[in-house]
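Visitor: Can you make the complete structure from the sequences, with help from the hints?
Chains A and B supply the protein sequences, listed in that same order. Sequential numbering of the first sequence, starting at 2, is according to our numbering. Sequential numbering of the second sequence, starting at 116, is according to our numbering.
I should point out that these hints are in silico values taken from the structure, not numbers from a laboratory. Mixed in with the good hints there might be a few duds.
Claimed, not checked - Listed next, the stretches of chain A that the computed footprint assigns to chain B, with coverage defined by at least 3 CB atoms under 8 Å from CB atoms of chain B:
# : segment
1 : 307-319
2 : 364-376
Said to hold, decoys possible - One side of the interface only, derived from the structure: several residues of chain B facing chain A at Cβ under 10 Å:
# : residue
3 : L291
4 : S292
5 : T322
For each residue, glycine too, the CB sits at the ideal point set by N, CA and C.
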Amino acid sequence: MKKLKFYFLIFLVINLACEQEETISPDEGIHDIATSSSKVIFLSADTELQNSVKKLSNKVIETNKGASMLDDVDFDRALKRYDAALKITYYTFSMKPDELTTRKFVLRQSDNGNILGHAFEFEVDADWLNEQEVFPGWHQYTGWLRILELDGNVLSENRVENGQVAGTKNGKQQASRSGPVCERTYTNWYSCSRFASDPNWHCESEPYRTTVSTECTWESMSHDGMLPGGGHNKVGLESIDFSEWEQTQLNAVEDNVINNLTGVPLCVYNKLKSLNGNLFKKTIGAFIDDPQYDLTLRTGECVRTDEACTDGTDPKNIIITIENVNQSSLGLASLILHEGLHAEMHRYVSRYESGVDPNNRARLLQLYAWYKKWALKYQDKDYNWKNDAHHAYMVENYVKKVASALRQLDGNQFALDYYMSYAWDGLRDSGYAAKKLSKEKNTYYDNLRRTTEANSEICK
Amino acid sequence: MTILEELQKLILKFVSKFKLVCIFLVIFSLPIRCHLQELAKEDKQIISLIVDKLSFPLAPPPPLKSTNTDTAEVEIDSLLNTKMVIAIYPFMRSTFDESGKNKLPEAFKKIIDMSLPTKPIKSLDGILSTKGHTIILADTVELKSRDYFEKFNLLYDFSRIWYNKNRTKAVVEVGLSRSKLNGFSTIFCFDKYNDEWSVTESIATTTW
Numbered sequence: 002m003k004k005l006k007f008y009f010l011i012f013l014v015i016n017l018a019c020e021q022e023e024t025i026s027p028d029e030g031i032h033d034i035a036t037s038s039s040k041v042i043f044l045s046a047d048t049e050l051q052n053s054v055k056k057l058s059n060k061v062i063e064t065n066k067g068a069s070m071l072d073d074v075d076f077d078r079a080l081k082r083y084d085a086a087l088k089i090t091y092y093t094f095s096m097k098p099d100e101l102t103t104r105k106f107v108l109r110q111s112d113n114g115n116i117l118g119h120a121f122e123f124e125v126d127a128d129w130l131n132e133q134e135v136f137p138g139w140h141q142y143t144g145w146l147r148i149l150e151l152d153g154n155v156l157s158e159n160r161v162e163n164g165q166v167a168g169t170k171n172g173k174q175q176a177s178r179s180g181p182v183c184e185r186t187y188t189n190w191y192s193c194s195r196f197a198s199d200p201n202w203h204c205e206s207e208p209y210r211t212t213v214s215t216e217c218t219w220e221s222m223s224h225d226g227m228l229p230g231g232g233h234n235k236v237g238l239e240s241i242d243f244s245e246w247e248q249t250q251l252n253a254v255e256d257n258v259i260n261n262l263t264g265v266p267l268c269v270y271n272k273l274k275s276l277n278g279n280l281f282k283k284t285i286g287a288f289i290d291d292p293q294y295d296l297t298l299r300t301g302e303c304v305r306t307d308e309a310c311t312d313g314t315d316p317k318n319i320i321i322t323i324e325n326v327n328q329s330s331l332g333l334a335s336l337i338l339h340e341g342l343h344a345e346m347h348r349y350v351s352r353y354e355s356g357v358d359p360n361n362r363a364r365l366l367q368l369y370a371w372y373k374k375w376a377l378k379y380q381d382k383d384y385n386w387k388n389d390a391h392h393a394y395m396v397e398n399y400v401k402k403v404a405s406a407l408r409q410l411d412g413n414q415f416a417l418d419y420y421m422s423y424a425w426d427g428l429r430d431s432g433y434a435a436k437k438l439s440k441e442k443n444t445y446y447d448n449l450r451r452t453t454e455a456n457s458e459i460c461k
Numbered sequence: 116m117t118i119l120e121e122l123q124k125l126i127l128k129f130v131s132k133f134k135l136v137c138i139f140l141v142i143f144s145l146p147i148r149c150h151l152q153e154l155a156k157e158d159k160q161i162i163s164l165i166v167d168k169l170s171f172p173l174a175p176p177p178p179l180k181s182t183n184t185d186t187a188e189v190e191i192d193s194l195l196n197t198k199m200v201i202a203i204y205p206f207m208r209s210t211f212d213e214s215g216k217n218k219l220p221e222a223f224k225k226i227i228d229m230s231l232p233t234k235p236i237k238s239l240d241g242i243l244s245t246k247g248h249t250i251i252l253a254d255t256v257e258l259k260s261r262d263y264f265e266k267f268n269l270l271y272d273f274s275r276i277w278y279n280k281n282r283t284k285a286v287v288e289v290g291l292s293r294s295k296l297n298g299f300s301t302i303f304c305f306d307k308y309n310d311e312w313s314v315t316e317s318i319a320t321t322t323w
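Guide: Written out as structure tokens, the structure is:
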């Protein structure tokens, strides 16, 4: 629809609220996540979302803009929210992140059928981040917030310091007022009950669940009918919320991961889960992406090794077994993450082969093809080449991430190098020459490992 | 008199009455028991066959962002001609992957008897690599150390090998590790044709 050009002025709003706790008064009764206005939906199970994505794709083809941006969007699942006042449905999707940038793709569909897609890009200031022990929350966010069109064109580029808009870089857009970029809200949910004999609500003193939602709001103008009433000069407030995505994902982990771990491995797993770091979310947490894929974690015996193993022969019911429990918590955490990576790769490839997942991990699929060819041509048809493909992919993508997750688990007690030896476990022979771990580095990391082994007390 | 003492008395009475029978039972059951724990000729053949079948150095992946689909011939030759040090776990345990077992053809499934004892591998006599790999027995104590894997390239962990009555069919589960956290296991079904074993079915089980 070339005629319909959108002229956006996108502003960040305002009202930074510090992390706040909302206590549900007894009068409000029993509250549950189901009552939240946002919910996670799956592309495969939602025809409305399928139609919206199709419509947006057609629009991209029609205007010949935005193909590269859409390639990075994981359309498989979305956080859906309907704004009754504006009559707009918001779908928020994950996009491929990199080390310092978090991106979310927002698809908006108005009740009259208009559809728009934009990427929200948060590029955190590296120096600021290095000064923080942990991410302090969106109310203190320092970095850039960009809003991009489908073809990557920047509509708005705002410098944000300590949660406040500090100015714009490209001058095309300008914030209307200074204020917070996004607001993060913690909500405690209490279980309450009421009896016929007593009309008052009685609530538990401890919340049974805490949800986190981050809402970023902007002012939208000249919307081509996106806002009620239409017209190019219409101004209205719109918003996305995305942290709830992660929270909902974490909650859903409980439903799809069967946890039969015991003892210290259970303690380590629970700590990894409560930290809910990126790597945990992308490995074990990824199993909630599709309710058809189950993951079982258990403590027990691996038949042909004494460490840990993953049974991925039925990708819809993957089993991770942790056998060697007589080791440090960091060692156990690296085992769980390593096997979690195996499990997640089995899951991804299975989904890809069944036509559900987009090809957004071309390298993994290339490694599958490469090692299969090797086995059939030069080795043996019965050689399990998948394992070599997994480990090569781990070397290229996950060594630092595993080390970083372990460091976080250890309360950032030591520098990253102290955790690298754990992350290289199982991968020392893998990878192409430039990525391989040298003997000198290996010795260096092993020496540092002795220090962490002696000083880390995560679970006893 | 306790029940235990009464039982002891009864046993002694039986032994003194049937001395000859008892001696006969002890003498003849020992070799049977020992035989169950000794490596048979077929065990050695199958172990040798698997070692040659699966022992390869790890192939390098294609460079990042490359579209190459083939490695240079020179590199392939050097990889395929690499002589490796192969360690074998010295016990063939009577354990088996349950989910893999369910996928086996009935003829093989029924010959697995997990009640049979673990077979120790006391010597490597008769276990050979025709590809020139060096085979050693792994030290179970040293295996607990992370550094021990630097002393060899591959570690094999064979289950006990089960045979049918005629010894024309065999099943074994094999674990192959490049390091403590890099390996896989596979179940192999063998059939014997013209006095030679060949793999008729393989089922991948776990990775690590």
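Visitor: All hints are to be evaluated individually against the structure, with a verdict given for each.
Guide: Going through the hints against the structure:
Residues of the segment 307-319 of chain A lying with their CB closer than 8 Å to a CB of chain B number 9, which satisfies the three-residue condition for coverage. With a threshold of 8 Å between beta carbons, the proposed coverage of the segment 364-376 of chain A by chain B holds, since 8 of its residues qualify and at least three are required. Interface hint status for L291 of chain B: upheld, as the beta-carbon distance to the closest one in chain A is roughly 8 Å, under 10 Å. Contact between S292 of chain B and chain A, as hinted, is supported at the beta carbon level, the nearest pair being about 6 Å apart and thus within 10 Å.
With a least beta-carbon distance of about 5 Å to chain A, the hint placing T322 of chain B at the interface is held under the 10 Å criterion.
Of the numbered hints given earlier, the model fails none.
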